[in-house]
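So you can see what is in the structure, the chains are spelled out below.
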Amino acid sequence: MSIEFRNNVQVRGRGERAMMFAHGFGCDQNMWRFVAPAFESDFSTVLFDHVGAGRSDLTAYDRQRYSKLSGYADDVVEIGQALGLKGAVFVGHSVSAMIGVLAAVKDPTLFESLILVAPSPRYIDDGDYFGGFSAQQIEELLSFLEENHMGWSAQMAPAIMGNPERPELGEELTNSFCRTDPAIAKEFARVTFLSDNRADLARVKARTLILQCSEDIIAGQQVGAYVQRNIPNSKMVVLKATGHCPNLSAPDEVVAAIRDFV
Amino acid sequence: MNNHPADSDFEDLYENAPCGYLSVRPDGKIDRANRTLAGWMGYQPDDLPGMRLSDLLNMAGRIFLETHVAPLLRMQGFFDEFALDLLTKTGTRLPAIANARERRTDADALLFTRLTIMRATDRRRYERGLIDARKESDELKTALEERLRQERENAELREQFIAVLGHDLRNPLASIAAGARLMPKAKTPEDALRLEAMMQSSVGRMAKMIESVMDLARGRLGGGISLSKSITAIEPVLDQVVAELAAAHPDRSIQTMFEVETPVFCDPARIAQLCSNLLGNAISHGAPDRPVRVEATAKTETFELSVANAGEAIPEEARKRLFQPFYRGEAHGPSQGLGLGLYIAAEIAKAHGGSIELDSSERETKFILRMPLEGDGSLRPHSAP
Numbered sequence: 012m013s014i015e016f017r018n019n020v021q022v023r024g025r026g027e028r029a030m031m032f033a034h035g036f037g038c039d040q041n042m043w044r045f046v047a048p049a050f051e052s053d054f055s056t057v058l059f060d061h062v063g064a065g066r067s068d069l070t071a072y073d074r075q076r077y078s079k080l081s082g083y084a085d086d087v088v089e090i091g092q093a094l095g096l097k098g099a100v101f102v103g104h105s106v107s108a109m110i111g112v113l114a115a116v117k118d119p120t121l122f123e124s125l126i127l128v129a130p131s132p133r134y135i136d137d138g139d140y141f142g143g144f145s146a147q148q149i150e151e152l153l154s155f156l157e158e159n160h161m162g163w164s165a166q167m168a169p170a171i172m173g174n175p176e177r178p179e180l181g182e183e184l185t186n187s188f189c190r191t192d193p194a195i196a197k198e199f200a201r202v203t204f205l206s207d208n209r210a211d212l213a214r215v216k217a218r219t220l221i222l223q224c225s226e227d228i229i230a231g232q233q234v235g236a237y238v239q240r241n242i243p244n245s246k247m248v249v250l251k252a253t254g255h256c257p258n259l260s261a262p263d264e265v266v267a268a269i270r271d272f273v
Numbered sequence: 194m195n196n197h198p199a200d201s202d203f204e205d206l207y208e209n210a211p212c213g214y215l216s217v218r219p220d221g222k223i224d225r226a227n228r229t230l231a232g233w234m235g236y237q238p239d240d241l242p243g244m245r246l247s248d249l250l251n252m253a254g255r256i257f258l259e260t261h262v263a264p265l266l267r268m269q270g271f272f273d274e275f276a277l278d279l280l281t282k283t284g285t286r287l288p289a290i291a292n293a294r295e296r297r298t299d300a301d302a303l304l305f306t307r308l309t310i311m312r313a314t315d316r317r318r319y320e321r322g323l324i325d326a327r328k329e330s331d332e333l334k335t336a337l338e339e340r341l342r343q344e345r346e347n348a349e350l351r352e353q354f355i356a357v358l359g360h361d362l363r364n365p366l367a368s369i370a371a372g373a374r375l376m377p378k379a380k381t382p383e384d385a386l387r388l389e390a391m392m393q394s395s396v397g398r399m400a401k402m403i404e405s406v407m408d409l410a411r412g413r414l415g416g417g418i419s420l421s422k423s424i425t426a427i428e429p430v431l432d433q434v435v436a437e438l439a440a441a442h443p444d445r446s447i448q449t450m451f452e453v454e455t456p457v458f459c460d461p462a463r464i465a466q467l468c469s470n471l472l473g474n475a476i477s478h479g480a481p482d483r484p485v486r487v488e489a490t491a492k493t494e495t496f497e498l499s500v501a502n503a504g505e506a507i508p509e510e511a512r513k514r515l516f517q518p519f520y521r522g523e524a525h526g527p528s529q530g531l532g533l534g535l536y537i538a539a540e541i542a543k544a545h546g547g548s549i550e551l552d553s554s555e556r557e558t559k560f561i562l563r564m565p566l567e568g569d570g571s572l573r574p575h576s577a578p
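Protein chains in written order, with the numbering used here: chain Y, 12 to 273; chain Z, 194 to 578.
Read the hints as simulated data drawn from the structure, not as lab findings.
Do not take every clue at face value.
Under 8 Å between C-beta atoms, here's a sample of chain Y residues computed to sit facing chain Z [said to hold, decoys possible]:
#1 Gly-37
#2 Asp-137
#3 Gly-138
#4 Phe-141
#5 Glu-151
#6 Leu-152
#7 Leu-156
#8 Glu-158
#9 Cys-189
#10 Ser-225
#11 Ile-229
#12 Val-248
#13 Leu-250
Ideal placement from N, C-alpha and C gives every residue a C-beta, glycine not left out.
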């Protein structure tokens, strides 16, 4: 089974240099639909779905491998190596910002620049560190997410899993974007919100841009500033956009900030 | 004739609908909410406009809104049937189910996000119950599968057990039967003695097999091998084992190096059995022209016993199965045991809080027992005065 199939890798654009986009928790590569096309004339854009999301191969889900963010980072490295990327640009949203950090540390030749959109190295407060959430709030979230994934399991999983070659069969479903397998989404949520990658930040060699939203309850300004302080060659741009998904709510501002940096 | 007025007062329909209505501006602030919703939430109708939608949610709901609802609303314009916990004015939870739709201008600019909210306390509780029940049944399934696996393993073991008993006990039994048949015809007392010795040896072999099988039953089907531990000077125990095997194999050279000055808290009979099993294996599988080495040492906390023989390395494939009951190497002849020796040795080591490791190369094959000097620590040996 190819890596391209496993992660539903889509390469577009005409540029020499590659720009890889990685989606966060809760969605799939559609997250970049208003941003990635803007770079197709100057870059070759690489989009993919994490295993368990979108049109990835659900049968490739391995509980052990994906029990840590480093498993997802291994996928990014494998995709990068399969496409022969060298000195590319990595754009990662939310949890994929940290996945990109881990991937860049694992294989420093892949990415020359990292763009971290709404990153957080740790969501739960810890001593002096402000993550924005208490452990109890995260536990509540994980249990709440179950209630919202409940109906989906019966609806989507068989349609998509039973017909990996015919994903259009899943098309009729209520939410045709941001599809995630509920069981996997549950694990991904756990891995995401319980992760702690603070120690990895200092090991990043790539030049790094942090795109911080003005009012983001998931990754607040303090968190963005922490990431900026701890990644050696980095700078932070605070966007006017509010919320956690500026790539959807303010794509033009995000495109401009990325273009400025690369 | 129909005298009832039509329900055409839309303002009233909005305000007093049997569901909550909420309109949220693009900046996340509430533009308008109906009377029904305000009532459910313990607010006056005028309180809600101006508040943020996130003010009405707990942290889980806020994160869900950001990570799931907002992206989908932007991409497809609606998000139906999501669970939501609203926080009432007094801070209690109002479990609800909501649909959301965007209202955009013709130029695709977002005007409002509209939410329809159904109070769903009982339904949500029921759904939570379903989730918990599914979790429980998943756990039960895992437990049952594990149980089934164990049962299968036991059944397989039982089958082997019967096969081995039928096959291996038959040989010595046949030889006893032959002895008994020949005994009356013995011509001289010497002949009779020889026959008796042969029969005794067969009886001994059978007794040993039965003992091994009993150990298997204790170790595998029961709660493990039981020990009768005492503070033991181990060297004489090992000397005895080596002497016995040397006598049985006068053509083989066994070299020993024992340096155990401290007593070991163990079951001496079991340690002797373990040593005898390892040494027996080394003699039957090792290169016949090379010595077998038995070494024992006691370092600060650990008692170590190793038995090494020269000869071919044990293949990778065999190593995994070596310690399983009834495993016998490829070259198995009639004199071979039941294939329980290593299994029992490992069980004895385990019962002593230790383990047996294997180190096998072209140069030599070595089994090493390592166990704490004081056993499981339940009784410490008396310290020397």
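Consistency of the hints with the structure:
1. About 4 Å separates the beta-carbon of Gly-37 of chain Y from the nearest beta-carbon of chain Z, less than 8 Å, and the hint is met.
2. Residue-level restraint check for Asp-137 of chain Y is violated (minimum Cβ-Cβ distance to chain Z is 17 Å; threshold 8 Å).
3. Interface restraint check for Gly-138 of chain Y: the shortest CB-CB distance to chain Z comes to about 20 Å, outside 8 Å, so the restraint is violated.
4. Of the supplied interface hints, the one on Phe-141 of chain Y is violated, with its beta-carbon coming no nearer than about 15 Å to a beta-carbon of chain Z, more than 8 Å.
5. Hint status for Glu-151 of chain Y relative to chain Z: holds, with the closest Cβ pair at about 5 Å, below 8 Å.
6. Look at Leu-152 of chain Y: its Cβ gets to within about 4 Å of chain Z, closer than 8 Å, so that hint holds up.
7. Restraint check, Leu-156 of chain Y versus chain Z: the minimum CB separation of about 7 Å is within 8 Å; hint holds.
8. The closest approach between the C-beta of Glu-158 of chain Y and any C-beta of chain Z is roughly 5 Å, which is under the 8 Å cut-off, so the hint is satisfied.
9. Interface hint at Cys-189 of chain Y: satisfied, since its Cβ lies 6 Å from the closest Cβ of chain Z, which is below the 8 Å cut-off.
10. The beta carbon of Ser-225 of chain Y comes no nearer than 11 Å to any beta carbon in chain Z, farther than 8 Å, and the hint placing it at the interface is violated.
11. With its C-beta approaching chain Z no nearer than about 6 Å, Ile-229 of chain Y sits inside the 8 Å limit, and its interface hint holds.
12. Hint status for Val-248 of chain Y relative to chain Z: violated, with the closest Cβ pair at about 20 Å, above 8 Å.
13. This hint is violated: Leu-250 of chain Y has a C-beta 15 Å from the nearest C-beta of chain Z, more than the 8 Å allowed.
Hint check: violations occur at hints 2, 3, 4, 10, 12, 13; the rest are consistent with the structure.
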